[in-house]
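Peer 1: Read off the chains here:
2 protein chains.
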Amino acid sequence: MTKTSPKQESITNQATSCSTSTAQKEQEQKTQLKLEKIKHKIAIISGKGGVGKSTVTANLAMAYASEGHKVGILDADLHGPCIPKMLGIERQPLKSGIAGIFPAVGKLGIKVVSMDFFLPSDEAPLIWRGPLKMRAIEQFIGDVAWGELDYLFIDLPPGTGDEPLSIMHFIPDMDGVVIVTMPSELSEAIVKKSVTFAKETGIPVIGIVENLSGYVCPDCGKKVDIFKSGGGKRISDALSVPYLGSIPIDPRVCIDSDSGLPFMAANQSLPVAKAFIEIVAKIKEFLSVNQFLSNQEKKVKP
Amino acid sequence: MTKTSPKQESITNQATSCSTSTAQKEQEQKTQLKLEKIKHKIAIISGKGGVGKSTVTANLAMAYASEGHKVGILDADLHGPCIPKMLGIERQPLKSGIAGIFPAVGKLGIKVVSMDFFLPSDEAPLIWRGPLKMRAIEQFIGDVAWGELDYLFIDLPPGTGDEPLSIMHFIPDMDGVVIVTMPSELSEAIVKKSVTFAKETGIPVIGIVENLSGYVCPDCGKKVDIFKSGGGKRISDALSVPYLGSIPIDPRVCIDSDSGLPFMAANQSLPVAKAFIEIVAKIKEFLSVNQFLSNQEKKVKP
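Chains as they are written, first to last, in our numbering: chain C, 1 to 302; chain H, 303 to 604.
Don't read these hints as lab results, they were simulated from the structure.
Ideal Cβ positions, reconstructed from N, Cα and C, are used throughout, including at glycine.
Some clues are possibly wrong.
Claimed, not checked - So the derived list for chain C, only partly shown, Cβ under 8 Å to chain H, looks like this:
#1 Lys-85
#2 Glu-185
#3 Glu-200
#4 Ile-249
In isolation and in its complexed conformation, chain C is listed as follows (with noise of 0.2 Å):
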């Protein structure tokens, strides 16, 4: 076996999947269209699995959409979509006019579209690899009305593959990534290789969300940390990443993603919603001074 360059073999990957033909010229344009109504673009990514990025998803969508911004949420986790559960909005089937297919919409307005939509049956496995999940992930983007949107938020399922570099390549011009993680230095190493990837492919680290981070028996009140914790500062220091903060492991969580309500819906007065709307202001912040230096830019070159 060799050893290859990751990037040189992304660019390569890319090259070949990318050929031009008129049709696919065509879905470029379209592509282009549908993301120049959506303002900002924000995408939720993590090198490890179970780390909570679609509970993230859900309650920064929810947190915009609260303050009566227009949200979107792209699910482009295909294998193991979460966010239509997470909203209470699960297996509805989809409509499609003139303007494309319409997406799902859960609580607050907020659209949605996923694979969770369009497989038969809850058990029914998405079997693709990924020339097929590229394609599915610009249709998903192209083929969608989604009108006007203030924010709209990609779910990436975990690793460096097809999902996020077709992403990475449709959206160009992302806001950034907010990247999660868990206390463990497992996670710790794995999810490093996302800010590599992030700063490899030239889209900006919004910053780092520490979750399941330290747990509180509430009967005795004793504080654990089932998973140790410090991992997301750590990665945050060593890579020179902002740290976003982080958040508690609470059973009711788990509780509320299940019935389709997240917490940021149920109760803002929880410990973990209260660590949440820190990390919306900050995240908050980084779109402001980025839109701040963005004007500037273009009062330079007019």
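Using the hints provided, position chain H relative to the given structure of chain C.
Peer 2: Using the frame of chain C, we list chain H on its own:
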């Protein structure tokens, strides 16, 4: 977007990627020869990430190796390889000879091949699309000097995409898959897809393991189902597949895994280890029944 049967897509995909060039035929023969020297091949899968596939894989390997069996682990989680860190052999440079690449050797002589050994650093992501991943997995079998093995455990990444499809394609005579889940309804929904995946690809389901099942406060003894409970049993009942058992949440598992010591090696009197010993017994029972049936079949068709 048109609805496509996943089974159809899978077959189309495989047909496309399996052109029969001479080089490929040679590689396939090489792979076949390597596999013939391995008595049992068991994959550990899960639709959902972060449920503990690698923990189950590492501990299964330890359980069998501690009885004197020759054991190997093929870490097929190319984007997020965890096995080397769990066995305390991360970032080892592999040597090669006439027989191929020599696997790294962990505790109790467990042979390991993982993408971790081929990446330039801990932080380096593997930014690869599907076709390259399929090739890497083929090389992980055919180009590696596994030698004679009693058991090869294959740790698969979450989902039902390129990696699991490639493994099922290259190892059609797999003994079976162990499916890992965690108790939440959300995981339950996604993990059901893995059961269907195994059934559709014709691989026997050895059974379901429920990980992260209930937490007992070390201070007051209060048991809390942090991620709910019973999801694994529900999948088993709903889809008529065996239930192997549940592993409780224990902060020591995370500490041990991070320090390269699977709990089966650290302390077999821990509740997690006791639960795991029962799971291993059921897997052994499955394998011996299978062996008996296969011998009977041979007797009927001499």
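Peer 1: Compare the structure with each hint and give your call.
Peer 2: Evaluation of the provided hints:
1. Lys-85: It holds, given that the least Cβ distance between Lys-85(C) and chain H is near 6 Å, below 8 Å.
2. Glu-185: holds (4 Å)
3. Glu-200: holds (7 Å)
4. Ile-249: holds (6 Å)
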